[in-house]
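J.: So you can see what is in the structure, the chains are spelled out below.
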Amino acid sequence: MRKTRVLSVVAVAAALAVGACTTDDPADSTDEVDQVVDDEAGDEADSEEEAEESDADEWFVQSEYERQLAQRDIEPEGPADQPWLQAIEPEYVDTAEYAQDGNTLCFSNASVSNPWRVTGWITMQQQVQVYKDSGDIGEFRVSDAGDDDNKQISDIQAFVDAGDCNAIIISPSTTATLTPAVEAACESGVPVIVFDRGVNTDCMVTFIHPIGGYAYGADGAEFLVENLEPGSTVLALRILPGVDVLEHRWAAAQEIFADSDLEILGDEFTEGDGAAIKDIVTQYLQRGDVDGIWMDAGDGAVAAVEAFEDTGNDYPVMVGEDELSFMRKWQETGMTAIAPVYSNFQWRTPIEAAVQIWNGEQVPSEWVLPQAPVTEADRDEYLQRNADMPSLHYAKFGGENLPGYPEAWQDR
Amino acid sequence: MTASTPEAAGGGAAVSTHLLRMRGISKSFLGVRVLHGVDLDLRAGEVHALVGENGAGKSTLMKILAGVHQADSGTVELDGAAVAFEHPLQAQQARVSTVFQEFNLLPDRTVAENVFLGREPRTRGMVDARRMNADTAQLLADLGLTWLTPQAPVRSLSVAGQQIVEIVKALSYDARIISMDEPTAALADEEVDLLYRLIARLRERGVAILYVSHRLKEIFDLCDRVTVLKDGALVDTVDTATLRPDELVRMMVGRPISSFFPDKLPGTAPGDVRLRVTGGGNDQLDGIDLEVRAGEITCLAGLQGSGRTEIAHALFGIARFTRGTVQVDGRTVRLRSPRQAVRTGLALVTEDRKAEGLALNQSVAANARLVLDAVDPRRAAARARRIPGLLSSLDLVARGPDQEVRFLSGGNQQKVVLAKWLATEPSVIVLDEPTRGIDVGAKHRVYTLMRELAADGVAILMVSSELPEVIGMADRVIVLRDGRIAGELPGGTTEEAVMALATGQVPGGPMS
Amino acid sequence: MSTTVDTATAMPSRRRRLGTTELVYMALLGVVVIGAVIVAISGGNLLSTANTVEMLSRSSLLGFVALGQTFVILCRSLDLSVGYVMALSSLIGATTMAGDPARIPLGIAAVVLVAGGIGLANGLIIAVLKVNPFITTLGMGLIIKGYLDTRYKGPAGAVPEAFRQFGYTRIGFVPLSAAVMLLAMAAGIAYLRTSRTGYHMYAVGGSEDVARLSGIRTGRVMITAHVLCSIAAGVAGLLIAARFGTGSALVYSSGYELDSIAAVVLGGTFLMGGRGGVAGTLAGVLILAELDTVFNVLQVDPFFKEVLRGVVIIAAVAIYARRQVERRATRARFGGDGDDGGTGPGRAPDRPPDSTAGGADGDQVVAGHGGDR
Amino acid sequence: MTAPRPAHRSSGASRVAGVASALFGGGSATVFALLIVIFAGIFAMNPSFMEPPSLMAFIKNAAPLVVLAIGQYFVIVAGELDLSVGSLVGTQVVIAAALIDGEESRTGPVLLLMLVFGVLVGLVNGLITTVLKVHSLITTLGMMLVLYGANRLWTGGAPTGALSEAFRQPGRGGVEMPVVRLLPWSLLILVAVVIAAVVVMRRPYGRVLIAVGDNEQAAAFSGVRVWQVRTAAFVLSSVMATLAAVLIGGYAGVTAQVGEGLEFAAITAVVLGGVVLGGGRGTVIAAMAGALTVEALFTLFNQLSLPSTIRPAAQGLIIIAAVAYAARERSQPAPPVDDARPEPARS
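Chains as they are written, first to last, in my numbering: chain R, 1 to 412; chain A, 1 to 512; chain D, 1 to 373; chain U, 1 to 347.
It is possible that part of the hints are untrue.
[Said to hold, decoys possible] A short, non-exhaustive set of chain A residues, derived as facing chain U with CB atoms under 8 Å:
1. I318
2. T322
3. P338
4. V342
5. T350
6. A355
7. L358
8. L360
9. N361
10. D373
11. A374
None of these hints come from the bench; they were simulated from the model. Cβ atoms here follow ideal geometry from the backbone N, Cα and C, with glycine treated the same way.
Using the sequences and the hints given, assemble the complete structure.
T.: Listed below in structure tokens is the structure:
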């Protein structure tokens, strides 16, 4: 009896101690907010140097980072009014060996579990419809893995085993884990097209993606650095740990913040849940000023902005995304903001690529799509263009010229 | 009937030495002493009764012997060697087994699996089900119980069957001491007889039996010596041969037995028929014709399973009558749920308090209001104002209305159940074994309550398996057999007459 | 003499105990047949090798988890931390192996050790500290999640090519992982039927008090069940690592804890413990996998799948519950032969009539025992 | 709000003692102690937390979980479990957004429709559990899958539409006040719900509900229609989930993830409040305190600047420790029976 009491007290104490360890001396620093900020910032830096070195290595590759940042300024090849067909510095590969008459297209989708993927998925289906009507695509077979890596591996295997797919499109749910399955698909001789997240192999015919996470993260971070006074405070809101595309964004932002005079109050995981975001931001605002918000994805950006409104604080300099509810809020409030873009129109490209491959046309082995943030300059134009679209729709979805437009995206 | 004479048993016991010697056993829970300085001896081959009112400490003493509880002080010697059981397993390994009142069986497992639970025989490290079944069959055969099959799921057995499995389980440990907590509490009379024979066999084998019971008759029928506890202390240990029943009762309660069944209160007279069943029947019952009058105590007697409880349940809409009619106060009613029965003015004090009568984690007040809350929520608060008065008139002993009923003794729990039903002001009250498992003092209060209710013009239908109670209280006795009414006897009849009807023997024929 | 009794009663009792399991396998057969017909109508072949392989490989992962979950549910516990244990195990396995075939045994040992340790902790908290299993394992899951999120920022470690075979090789048309899973299931059946601890799991689940008073160390049984459950989840984690080629923390969000509980209950094991078994769980897993395959072949909308899955699970358990009620009802029916042992503490309101006590009646003539002393 | 006073009903000291023990006794004492410790911790870290605006912000954020915990309490105390509330919250918010679609005038009818939908879900949960005798864990797990799937099937995977300003008021807005700056509607709603819940639990229905959770058979034999009482508990839970959806949707707007994991948070909160899974024990006030504790814990972590990733671990540890501590209190041997002495003979 006594023992368990002691045990549980120890457990609670230990838990609290774990928490207490992260700040140097909480009791002393409570009276001066600035002091707290200093301590925390210092602490953050410490822990990065000490413990997160390996982690930082894992997600930060200097050469790739530099390559992506440079790619932002390269004029892409291809038709300017069809960004989904553009490519940055393409290296074309010959696909004659895959030229065929078969037209069964198989698509292993990671999931449609967030608005970005839902929007893209509609775009893709509309694009498929175009080619179905033209006869280029016969059957379009889809497996949805519901964000379960293991299920996606089975799904891909099922396509391979079925043996009647003429091309397999894969949108991997996780980079590293899907690699063996993608390799197996490549070995079956069917042309494999990977898009969005990558895999650790180059066996596929083409890998389609926008410039990438580093560029995305850097767009926002650079904007904050430019628009905030030195010494300003920034809160980073992240969705989940351990997802490569998201980790790249944060890694790039950290890189840029490290070279700046901005103070990063903290980075918090929110799972993209509006209530959690609002709560966290509110709590930071209770403890002191927050001058800027950096987000690794725009889900719930409006909730973050509302936290400032509801607590009576001035709007921060905001990094959101090209999701419409945020862009509308941005326009409405006139705050200083940027909407980095992870090009949603990339969902059209794999279909185009599949048809091109069947036709024996050359495709880029790495098909890097342009990825430019929406800035205040072109914000209103995009909002105008998407005026009839619902919230949680993405401005750069690139489906305006598809026959289903606009109903397909409105009545999803 | 005295199947085993105390003389014979006492003679057998005299040659034995003390198998068990408990000395100065004390035990407290949360600072309250439940046992102080109790001594108990057991000789090989004796049946030793342990008696006392509820709360006297019988169960605690038994559980200390079984290793469920540990004594705070005192010694236990087994064959002269000091032991201290910290776990039931240790007790069993020392060949001390206990058959608890609540069955310790797994209904979904077989007889053999239950008997060998915890020490399944193994061959090369694997449980040997074949051997287990064979061993169980052997144990059963040794006791002449060949009709029980080792592979039968316990769920399919009667209460007696389950009791037997318990005893077989105890024997399978090659037990030298078996303690039994109210083993007949749930048994029909014919099953009791089976148990008696089993105990006789065990005694022949030199097994010492510690027999806890409320039933005085069993103690004199069966036991060689009796140890009486009162308020957690030892009163005395005496040979039953030299003891009279009224002396034993006085030792237990310090109160003579004469006033046990109270007389009718003046002015009590049978009134109108409150409840009438005509041709009632369902899959358990057939041809039930029954009248219960205001101010009258009508008693349903019969062997276990003869349909006594089934009638109570059918009247209360738990297991409905599928045939016949029921009239309450002259109006024909269809009782399809307890709720309807309550609304019609019926009340049922069920036989199994803990399982069917009380929400044990709730307070006295909440339990006492439960029926009002359930059936008449709008007026519940107003009607519940009577409850404190009811409870105090029933001499409830509790810390207060907020005490949870699980902390009360059986007798006081029963008083809460009674208060719950009296609060509904029923016109017909069905009492199913109202004194089962409660102490003598509480029993007496239940009897006086029945008299008071009768005087108030309530119609009372009592179901009882205790014949003295039936004879002592009933104005009319309706005897059931095999789900049918075997006959009706007037108040003041004899136990022999009731048994004759219940068993179907010709009255006046040989009884044993 | 006892042998004749044996044969006379063994049959009915065995039939009764197999009832639910048989039903589950009939349901499996039904799902396969109906699925095959529907698939055939839409021009496919559900029973083709490719689809069978797919079904089996889908079942293997859930199979391991559900196997472990069966043990704890039999003990009237449950484990909501299995998803996190899987994730942690995949990472520990992959990082320990670090791509070196020689380190495969080391990796497996590390996983078994760590997963077993988590099971031990779960079991201890439940058995010793008496914390409700729901809360214990929910809390344990959170603790592991915290560790995973802090320690691993993404997939880590590498599995040597040889170990990947666990995830990808086939023996004939049976994937190796499914074969191992089936073996583990067989071992689980044997364990419950031939080990004392297996017997005692039923006892602990049936009634912990009864088990304790019968001398069973209920805590140990509970702990063993949890250790086995976590180790099974650990093996599932190894399979994840083999299939992914690396360890991944995000596995925990795939909902295996609730899926495994659903599979076990679908397999006829009583959620409140004491009844059921591994054979049923296997069928439950196969039913879910077959449904998944059918949905996949038929290109059912993924969200509609969820709806159907929910309906199937509820419907199946409703059918089991219905049967339970019906069976009792028929047993309680007898005409006027009043021997329903309807008293005694812990009685079921509908305890069946007892033919054996009837025998007692004939045997032991009622001896007018009611006569006064 | 945070430290409920024992109600002085002036019918004697035993009454007060009884209420106090009902509030603080048994497993419930732990949660109040824990709540006080956590609040003290937050206050030590950041004294400004105790300023009214900060507290109001805390309440606004905590309100949905408290409401959910109260709903879950009804189900748990009746011996059941409701895993479908998280999915239901998500579905309700999505329904609201899709049907209102930014039109202020539709707010009222849609709220009504949500209420009807909530009642319906509760009815289905309750009837499947009570009539078809499916264990509520399975029923509500199935319902969770059905709602999750149906909701996304309907919207194609991500919510559409927008909430109206009026819809958002209860969760976001409030009354302008001098001291607290803004007295949130959610606080007023919360107070109303808590009072209503306490009243319900003191009414016949509440007593019957607990009795059903404690001993179903005894309740049935006392004239309780068990199936109705339990079904009503599920309906209450679903209605509370609907209210939580209104609050959460109002507080934070529509996101795809809304509601995820709330069922476990609510159950955790209730159990942390000393309410026993399996039914029959615990008070609704303690369940509410459990929910506040869970929310306060998150706030404390934030104030401590605990790294985001380690918070679940600390949360898990504290929950297990608190429940273990409460279990220890409960598993002490029962006090002895009172009447070891003979009762007065009356005749």
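J.: Min Cβ distance, D373 (chain A) to chain U: is it shorter than 8 Å?
T.: holds, 4 Å
J.: Is the interface hint for N361 (chain A) satisfied, with its Cβ closer than 8 Å to some Cβ of chain U?
T.: holds, 5 Å
J.: Holds or violated: is there a CB of chain U closer than 8 Å to the CB of T350 (chain A)?
T.: Result: holds, 6 Å to nearest chain U Cβ.
J.: Closer than 8 Å between Cβ atoms is the bar; does I318 (chain A) clear it against chain U? Give me holds or violated.
T.: holds, 7 Å
J.: Against chain U, is A355 (chain A) within 8 Å by beta-carbon distance?
T.: Hint holds; A355 (chain A) Cβ to chain U Cβ min 6 Å, cut 8 Å.
J.: Does the nearest C-beta of chain U fall within a distance shorter than 8 Å of the C-beta of P338 (chain A)?
T.: It holds, given that the least Cβ distance between P338 (chain A) and chain U is near 5 Å, below 8 Å.
J.: Given A374 (chain A) as an interface hint, is the shortest Cβ-Cβ distance to chain U below 8 Å?
T.: holds, 4 Å
J.: Given T322 (chain A) as an interface hint, is the shortest Cβ-Cβ distance to chain U below 8 Å?
T.: violated, 20 Å
J.: Is the hint on L360 (chain A) kept, meaning its closest Cβ partner in chain U is under 8 Å away?
T.: holds, 7 Å
J.: Let me know if the C-beta of L358 (chain A) comes in closer than 8 Å to any C-beta of chain U, holds or violated.
T.: At about 6 Å, which falls below the 8 Å cut-off, the nearest Cβ of chain U leaves the hint on L358 (chain A) intact, so it holds.
J.: Is the interface hint for V342 (chain A) satisfied, with its Cβ closer than 8 Å to some Cβ of chain U?
T.: holds, 4 Å
Hint 2 alone, counting from the list given before, is not met by this structure.
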